[in-house]
Each structure stands twice: as structure tokens, then as C-alpha cells.
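Participant: Kindly generate the complete structure, drawing on both the sequences and the hints.
If you read the protein sequences in the order shown, they are chains W and E. Under this note's numbering, the very last position in the first sequence is 425; numbers go up by exactly one each time. Under this note's numbering, the very last position in the second sequence is 170; numbers go up by exactly one each time.
Rather than coming from a laboratory, the hints here were simulated on the basis of the structure. Every residue, glycine too, gets a C-beta built ideally from N, C-alpha and C. Watch out, some of these pointers could steer you wrong.
[Said to hold, decoys possible] Estimated spans, in silico, between C-beta atoms of each pair:
no. : chain 1 : residue 1 : chain 2 : residue 2 : range
1   : W       : L299      : E       : T78       : 43 to 53 Å
2   : W       : E257      : E       : R90       : 37 to 47 Å
3   : E       : R108      : W       : N21       : 22 to 32 Å
4   : E       : W53       : W       : R139      : 27 to 37 Å
[To be verified] Anything over 12 Å on all C-beta distances counts as not near chain W; from chain E, calculated:
no. : residue
5   : M17
6   : Q48
7   : S100
8   : R116
9   : P126
10  : P159
11  : R164
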Amino acid sequence: MKPDGEALTLNEYQRIGGYRGIRKALQLAPKEITDVVTKSELRGRGGAGFPTGSKWTFVPIGKDAPHPKYLVANADEMEPGTFKDRYLLEGNPHQLLEGMMIAARAIEADVAYVFLRGEYVLAAERLSRAIAEAYAAGHLGKKIFGSEVNLELYLHISAGRYMCGEETGLLNALEGKRANPRAKPPFPQTSGLFGKPTIVQNVETLSNLPHILNNGADWFKSLSRSSDAGTKLYGASGKVKRPGLWELPMGITIRELLEEHSGGMRDGVQFRGVLPGGASTDFLTEQHLDVKMDFIDVEKAGSRLGTGTMIVLDDQTCPVGMVWNLEYFFAQESCGWCTPCWSGLRWAERILGAFEQGQGSEADLEKLAWITKFCAPGNTFCALAPGAVEPLQSALKYFREDFLRHVREKRCPWR
Amino acid sequence: MLSPEERQEIEAELPRYPQKQAVCIDAMKIVQRHRGWVSDESIRDIAELLDISPDELDGVATFYNLIYRKPVGRHVILLCNSVSCWVMGYERLRERLYQRLGIQLGETTPDGRFTLLPIVCLGTCDHAPALMVDNDLHRDLSPDSVDRILENYQ
Chain W
11 MKPDGEALTL NEYQRIGGYR GIRKALQLAP KEITDVVTKS ELRGRGGAGF
61 PTGSKWTFVP IGKDAPHPKY LVANADEMEP GTFKDRYLLE GNPHQLLEGM
111 MIAARAIEAD VAYVFLRGEY VLAAERLSRA IAEAYAAGHL GKKIFGSEVN
161 LELYLHISAG RYMCGEETGL LNALEGKRAN PRAKPPFPQT SGLFGKPTIV
211 QNVETLSNLP HILNNGADWF KSLSRSSDAG TKLYGASGKV KRPGLWELPM
261 GITIRELLEE HSGGMRDGVQ FRGVLPGGAS TDFLTEQHLD VKMDFIDVEK
311 AGSRLGTGTM IVLDDQTCPV GMVWNLEYFF AQESCGWCTP CWSGLRWAER
361 ILGAFEQGQG SEADLEKLAW ITKFCAPGNT FCALAPGAVE PLQSALKYFR
411 EDFLRHVREK RCPWR
Chain E
17 MLSPEERQEI EAELPRYPQK QAVCIDAMKI VQRHRGWVSD ESIRDIAELL
67 DISPDELDGV ATFYNLIYRK PVGRHVILLC NSVSCWVMGY ERLRERLYQR
117 LGIQLGETTP DGRFTLLPIV CLGTCDHAPA LMVDNDLHRD LSPDSVDRIL
167 ENYQ
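Facilitator: Following this line, the structure appears as C-alpha cells:
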């Protein structure tokens, strides 16, 4: 990416090796592309961390497979605290397009969509330009790169709703419906968009593919410092000296991100905790600073890597107020499809609001703890509510004394 | 009635999807770009063009944050109220906007200049707090910088 943040044009991208990965991929059979990506151990960068290669193997391949098949880039970045895909979309749209071409080839997709959130206006402009450049160069459309492969690629600009980031909600949104989740099975890999085999993949995941194809699976794995492969876009927001986004080896520690890359806490504030990967991940605290930011280690510490963009809580910010803000968001964005989510999250949000008004009680803490179980995986239709209660359940664990102070003082001590 | 331009723009989207209904969100956004919002009449017209029921289309319209089913001002302010902006001073920003505009979230100034709406995370958390006015993103804001920004939108 350029230091000034301008997008690379097609020519600039090609000059630094762009569109070599897809040229290689077009020499391979779809299964061989999937094998390379499986071997690279690339895991999805959208939050769930599903292995990319394995995801593709569920798509029917060959001459008996149903067509058209679809590849969708999930560019609906809406997880609060997450701002990584914005940089990729605005700074290097061709890298995403090339990644999409490679993924499309691996599953023999005929049509690809970029599902972009409506507020990303600059990304929309730059993607539209990049798509036009790619069509003009023969990289998209009929017989791409002079091969026998056809691929149409369109940009869909969403009208906004957190649920659109959920894989099946996104598919409903693309079909012009409310973005409610769908029952699984059938999984999108066999029956997705318009009932056809579909792969939905995060922008960062797709942007890794050209480099994996170019440099090989072993190279990708060697970039990491931990048992999870590759590099990762890490970010930090909150009251640190230098909030920002960095591409770093997978497995860098929270302390390194916080102290070296973010420059430590701002003067006059102390670190209290961190949501390691966006709003729907559990808080980690001081004792976890040396945890490696990869899928396995963050999970062992009781949270999730999520999107890898961490939100820092400081001692001048009320943890109860912060969790209220988070649950307000999730309650608002619940699609209303299943009861634990629409009822449980709104209930939690109201109780948290009461704490902030000085009307919380110790018994309310038990209610909040109960709601986190009510919304746990298995009780809900999709992952929204289980994710939503992650910061709540960990706040009850780590910041219980702060809740009790609200009860004793009958007010928010930070206001 | 949809204008010829609106109809043409909507029809240009049709080849991108195998089913007509899939165009409905684009269609509402096209109408909104021309008229500022999506009226009941527009819902009926778009539904007819795309062979879906007006009620179903309204169900879709009301699901999405960025489809306006009521008239809005000449400029729409989308104020991010999600967690990073909240930590970095969203509430002070909101109070200043209330004071300057004399309206609350969800309202339009009496002169029709601004509508103030909350928005979920704008994905620019390393430059929080942030807001958008129309298509422009403004970041690293303080209450004072908000005053200067508003002047640019008449």
C-alpha cells in the first residue's frame, strides 16, 4: 500500500507483482488451488477463523456441479472497533479482486460479488474504478487472462445493518430480503445465494490469497511466530498514544501491540483491559498481556482473536458504561428472529443502563449472569447473541467490584 | 411515479442479479439519491417495477439503517455511537451537536438544513471519534472541530 493511502492503480499493482497469483492459479486445477491454500493453513480473518481451504472443499466441483456458483467478498465491516478491511479496500482494491479471482477459480464460480457496507464511500469509488480497470484489461468477464475461464464481478453496496456481516444474513441481503440468518444445513457451500453453491469470505482472507499462490504455502506459514499461519492485520483503538493498524506476524503478544506499536497508554491513564478482537470478544486484563494474538492462544486465555483489532479500556473509562454501550449496540442490531437475542440483549442493555443511573442492585448481577447463559451458543439461531454476551460475561468476572461500586454509591463513579 | 432517470438507473442494475427482487435495495437507494428519502408512493412504484408486494418491500426498507422512510434535511449527519468513539468522547460530541443544532438524535432542524442520526461503528476507530456528513467522513474530532465542520454544509 502507498504511504499516502491512495489506491494502487492496476498498472502500479502489476508492477509490484500483482495478478501473478491468479495467472498461476489458472494453470492449476481447482483442487490444486484448494490444496495449496489448505496447506498454507490460512484461517478466515473475519472473526470466526474457519480454515479457508477446508471451507472450499464442501463446494461441489466438476461437470455435474450446479451453476452458477457464487463467490462473495464480505466487505460489510461493522464489528465495532474493527477498521482493518477499510484499509485494504481503500488502499489496494486490486489485491482483493485478485484474491476473489483465485477463490472463484478454486470453486469454479461464475459470478462474484463484493458486499460492501454503505458508509464506505471512498472504498466504493476505488473498488468501482478497480473493477472497471480489471474488465478493461481482460482480467474479468469472458476468458479472463486469455484462459477458458469466465468470471463476472459486481459491487453490491449495502444499506447497512450489522446482521449483514453474518454469512447467511448477507446472502439474504444480496437477494433483496431482510438480513435474517438462515437455518443450517443446508450450508451455503451447497445451497447459498439464490440456492446455488456459494462461498462467503472476508476481505482480509481473500487479500492473502495472491501472496499464497505466488510464494507458496510454506512461505506463508514461515511468516508466523506461532502455530497459526501467516501475518495478520492488528489494530488498536482507545486511549493509547498511537492508535493504528499494522500487518505483523501472527502471534505477536498483546503487550507488544500495546507498548511498542501503539506507544503505550496516553499520559495520565492506566491500562485496565482489552477486547482483543472487536466488540464481540471477551475482555482480557493485565494478567493476559503476554498472550499471543493468534486463534489458539487467545482462546486459551478465555477470549477470541476475532478481527484482531483490539479496543483498549483505561482507568478513566467506566467498564460498566462501556459494556452498556456494547450491549446497546447488539440489542439494536439484533434482527429479532430468535427470542434469546431480541429479548435477552434488550434486557441486559436495560439493566446495564440502570447501573449507570445508580439503580442497579447485587441481584441484577445474577440476572446479567443468567442472560449470558440464556444467549449462549446452542440457544440462538446465529452467532450474534453468543458474541454479544462475551464482553458482558467477562466484565462480570473481571470488573465485578466496579459494578458493586455503582450499587453502593448509587451513581456511576466516573460521571 | 418513478422518473425516467430513476427507472433507467434501476433497470441498469437488473442484469447483475438473476432475480428481480435482488435489485430492490439498490432501487430504494437510487430513489433516495434523487429525492432524499423513500416515500410510501415510491415503495409502491418500486414494488410494482420489481414484481414484489409493497408490504414485503417496506419490510426490507425498514430493516436497513440507511434507507430513510421519512424526509430528511439537506444534509444528514451520521454520528458514530459505537464503542471506540464512545471511549474517545462521543458523548461530548453529541452534546455539542444538540446545542448547536437545537435538535436531538433522529430529528431535523426546523430550517431543513440538518438531520442528526446515530450510526453504528464507522470503521475508523483509530481516528475516533468520528462522524459523517452526507458522503464525507470526519475524524479525530473534538467538540470545537464540529463547529467548523458544520459551517461547510449550508
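Participant: According to the definition I'm using, a residue is off the interface if its beta carbon is farther than 12 Å from all beta carbons of the partner; does P126 of chain E meet that for chain W?
Facilitator: Label holds. Min Cβ-Cβ 27 Å, cutoff 12 Å.
Participant: 43 to 53 Å was suggested as the range; check whether the CB atoms of L299 of chain W and T78 of chain E agree with it.
Facilitator: holds (45 Å)
Participant: Hey, does R164 of chain E actually stay past 12 Å from chain W on C-beta?
Facilitator: holds (21 Å)
Participant: Just double-check R116 of chain E for me: nearest Cβ-Cβ distance to chain W has to come out over 12 Å.
Facilitator: Correct as stated: the minimum Cβ-Cβ distance to chain W is 23 Å, above 12 Å.
Participant: Holds or violated: 27 to 37 Å for the Cβ distance of W53 of chain E and R139 of chain W?
Facilitator: holds (29 Å)
Participant: Taking the shortest Cβ-to-Cβ distance between Q48 of chain E and chain W, state whether it exceeds 12 Å.
Facilitator: Given that some Cβ of chain W is not farther than 12 Å from that of Q48 of chain E, nearest at about 9 Å, it is violated.
Participant: Is the claim that S100 of chain E lies outside the interface with chain W correct, judged by CB distances over 12 Å?
Facilitator: violated (4 Å)
Participant: Just checking, M17 of chain E versus chain W, shortest CB gap more than 12 Å?
Facilitator: M17 of chain E is indeed farther than 12 Å from all Cβ atoms of chain W, at 22 Å.
Participant: Within 22 to 32 Å: is that where the Cβ-Cβ distance between R108 of chain E and N21 of chain W falls?
Facilitator: violated (46 Å)
Participant: P159 of chain E clear of chain W by more than 12 Å, beta carbon to beta carbon?
Facilitator: holds (17 Å)
Participant: Mind checking the hinted window 37 to 47 Å against the Cβ distance between E257 of chain W and R90 of chain E?
Facilitator: holds (41 Å)
Hint compliance for this structure: hints 3, 6, 7 are not met, and every other hint is.
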